[in-house]
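Build the full structure now, drawing on both the sequences and the hints.
The listed protein sequences derive, respectively, from chains A and B.
In short: position in the first sequence from 1, add 109, done, that's my numbering.
In short: position in the second sequence from 1, add 5, done, that's my numbering.
FYI, nobody ran anything at the bench for these hints, they're computed from the structure.
Heads up, some of the hints might be wrong.
What the hints assert, rightly or not - Chain A regions said to be covered by chain B (calculated; three or more residues, Cβ under 8 Å):
#	segment
1	235-241
2	343-356
3	390-398
Glycine included, C-beta positions come from ideal geometry on N, C-alpha and C.
Each chain is listed here by its residues.
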Amino acid sequence: MIVPSFEFLAFATAVALVLGISAKPLWRRSVLVAANLGFILTFTHDPLQLAPFAMLLVLGFAGVKLMEAYKRQPAFAVLVVALLSAFCWLKNYSFVPHGLFLPFAYLTVGMSYVFFRVLHLVIDAYQESLPAPVGVFAYISYTLNFTSFLAGPIQFYKDYLRTESQQPAVLDEPSVGRALERIIVGFFKVAIVSPLLLLAHAACVAALSTDAPFADRVLHAALVLAIFPFYLYANFSGYTDVVIGTARFLRLELPENFNHPFVSKSFIELWTRWHITLSLWLRTYVYSPLLLSLMRRFPSPRVEPWLGVLVYFITFFLIGVWHGQTAMFIALGLLLGLGVGANKIFQLSMTKALGRARYRSLCGNPVYSALSCGLTFAWLGFSLLWFWSTPGQLGGFARLLGPAEIALTFLLVVVLAAIVLTFGEKIRERLRVVAPLDSLRSPPYLRAAWCTTLAVIIVSVTVVLNAPAPHIVYRAF
Amino acid sequence: MTLDAIYQRLTTILRDVFDDDTLVAGPDLTADQVDGWDSFAHLRVILTVEKAFNTTFSAAQISSLKNVGELAELIEAKVAK
Numbered sequence: 110m111i112v113p114s115f116e117f118l119a120f121a122t123a124v125a126l127v128l129g130i131s132a133k134p135l136w137r138r139s140v141l142v143a144a145n146l147g148f149i150l151t152f153t154h155d156p157l158q159l160a161p162f163a164m165l166l167v168l169g170f171a172g173v174k175l176m177e178a179y180k181r182q183p184a185f186a187v188l189v190v191a192l193l194s195a196f197c198w199l200k201n202y203s204f205v206p207h208g209l210f211l212p213f214a215y216l217t218v219g220m221s222y223v224f225f226r227v228l229h230l231v232i233d234a235y236q237e238s239l240p241a242p243v244g245v246f247a248y249i250s251y252t253l254n255f256t257s258f259l260a261g262p263i264q265f266y267k268d269y270l271r272t273e274s275q276q277p278a279v280l281d282e283p284s285v286g287r288a289l290e291r292i293i294v295g296f297f298k299v300a301i302v303s304p305l306l307l308l309a310h311a312a313c314v315a316a317l318s319t320d321a322p323f324a325d326r327v328l329h330a331a332l333v334l335a336i337f338p339f340y341l342y343a344n345f346s347g348y349t350d351v352v353i354g355t356a357r358f359l360r361l362e363l364p365e366n367f368n369h370p371f372v373s374k375s376f377i378e379l380w381t382r383w384h385i386t387l388s389l390w391l392r393t394y395v396y397s398p399l400l401l402s403l404m405r406r407f408p409s410p411r412v413e414p415w416l417g418v419l420v421y422f423i424t425f426f427l428i429g430v431w432h433g434q435t436a437m438f439i440a441l442g443l444l445l446g447l448g449v450g451a452n453k454i455f456q457l458s459m460t461k462a463l464g465r466a467r468y469r470s471l472c473g474n475p476v477y478s479a480l481s482c483g484l485t486f487a488w489l490g491f492s493l494l495w496f497w498s499t500p501g502q503l504g505g506f507a508r509l510l511g512p513a514e515i516a517l518t519f520l521l522v523v524v525l526a527a528i529v530l531t532f533g534e535k536i537r538e539r540l541r542v543v544a545p546l547d548s549l550r551s552p553p554y555l556r557a558a559w560c561t562t563l564a565v566i567i568v569s570v571t572v573v574l575n576a577p578a579p580h581i582v583y584r585a586f
Numbered sequence: 006m007t008l009d010a011i012y013q014r015l016t017t018i019l020r021d022v023f024d025d026d027t028l029v030a031g032p033d034l035t036a037d038q039v040d041g042w043d044s045f046a047h048l049r050v051i052l053t054v055e056k057a058f059n060t061t062f063s064a065a066q067i068s069s070l071k072n073v074g075e076l077a078e079l080i081e082a083k084v085a086k
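Below, the structure written as structure tokens:
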């Protein structure tokens, strides 16, 4: 099933209606478990294609129960390694010997996100941080939650339980309106905005040629770098809007995954605004434990900041590698790691050189702030080259532009992004006061007109013009 | 150990970690209100608290703390065990 699609919304509506029969925890959990399984069966009915996914789930559940009963470090370590190995094997990572791959097609959609939830349960069971022992139905309800099955958001178990069975979210008139608006806006982003941006991006890639004049070449290269982050944002945040809105109709509350990422003034800040739940997961289970253990081992105030840089690098390298199974994604990981590592070193050096107060004052300077924003965006766009292109394309770009034009393109993106994003943010702030479409304080007729317009465009394009919403990019991870 | 005593020790720890003698640990104090309290500084606070109170925190506990009040209550619960 494609998310978002009218089919998905119809499915969720049916689930919401059945859920509404009773608010009793047992009823809610039973309906949600049945809905999750029904949702997965829309991808395949073949038991063989479902078996590897089921095996990972069974291994995870057995691991959780083992950790609840037997909290021994060696068993925990073996279990984590077994889960990681099973995941990498089933996801066909390139470092796994190809001879070990399963010789048939099977379901991998949503596997990464389910894996994050399973690992969270295992670790928290070991560290006695789960609110209660995990039953099999609670496990299925949580790990396979159909509203966030495909690409998150990644929710922690305790937070999921709160609205799943303990205290379902309020579904009054304002929250229904808000959820509906969120679905429409998200659907619009995925079905209309992201395909248009992808078309524009493809046109700029096609326009890059040696025959083009120097200025055109650099401008098109800059647009190639700059458009893709916007496309990815429209696609992924649109999906997130739809599932958060949909979940609300089931009286479930999902966590936010985006918070205006392009206003970030540093690469480190970007990751607190982009794919927030993945960043939080990695901060909880990779960054913090690893850095704490290194700080305990090397207890020197002079070394500690450098340990921080190293662990930042490792964490974001893992984010890059998680995105895909090939060498291109290792390069993406290195670039992301380099981005946050260099960012942290710069912060440390500036704080040391200027002192905390003067550095804070510098960060507040509008020109410095705009340029920081532009640099952050440009580094994201540059890193994402390894996300969307092929090695052949990358080689072609490098030969076509050469080092000087690549550097000039990067600088152009920094400056243009600094101007456009800064003014864009000012306009957004102004609009929030004049015509606050995203606020409950705005007149209802204005919001209704806005959403109706978007809905008409969505229906016109997806139904009348027969151009259904594309798959979301993160579905592949 | 009383909550007051925990806050007193937390005040000493925060002043030491952030090199700021004006800091006072209170239940509503958050990372956003303290200059330099980022994810790295957060772990320095946690490590110092672990040493001072002779306790340890789980990964989930470290990341879920929203303010100093939650940290103090967590310490109180752990010390009481």
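Quick rundown of the hints versus the structure:
1. 235-241: Our answer is that it holds, as 3 residues pass the Cβ test (under 8 Å) against chain B, meeting three.
2. 343-356: violated (count 0)
3. 390-398: With 6 residues in contact (Cβ-Cβ under 8 Å with chain B), the coverage given for the segment 390-398 of chain A holds.
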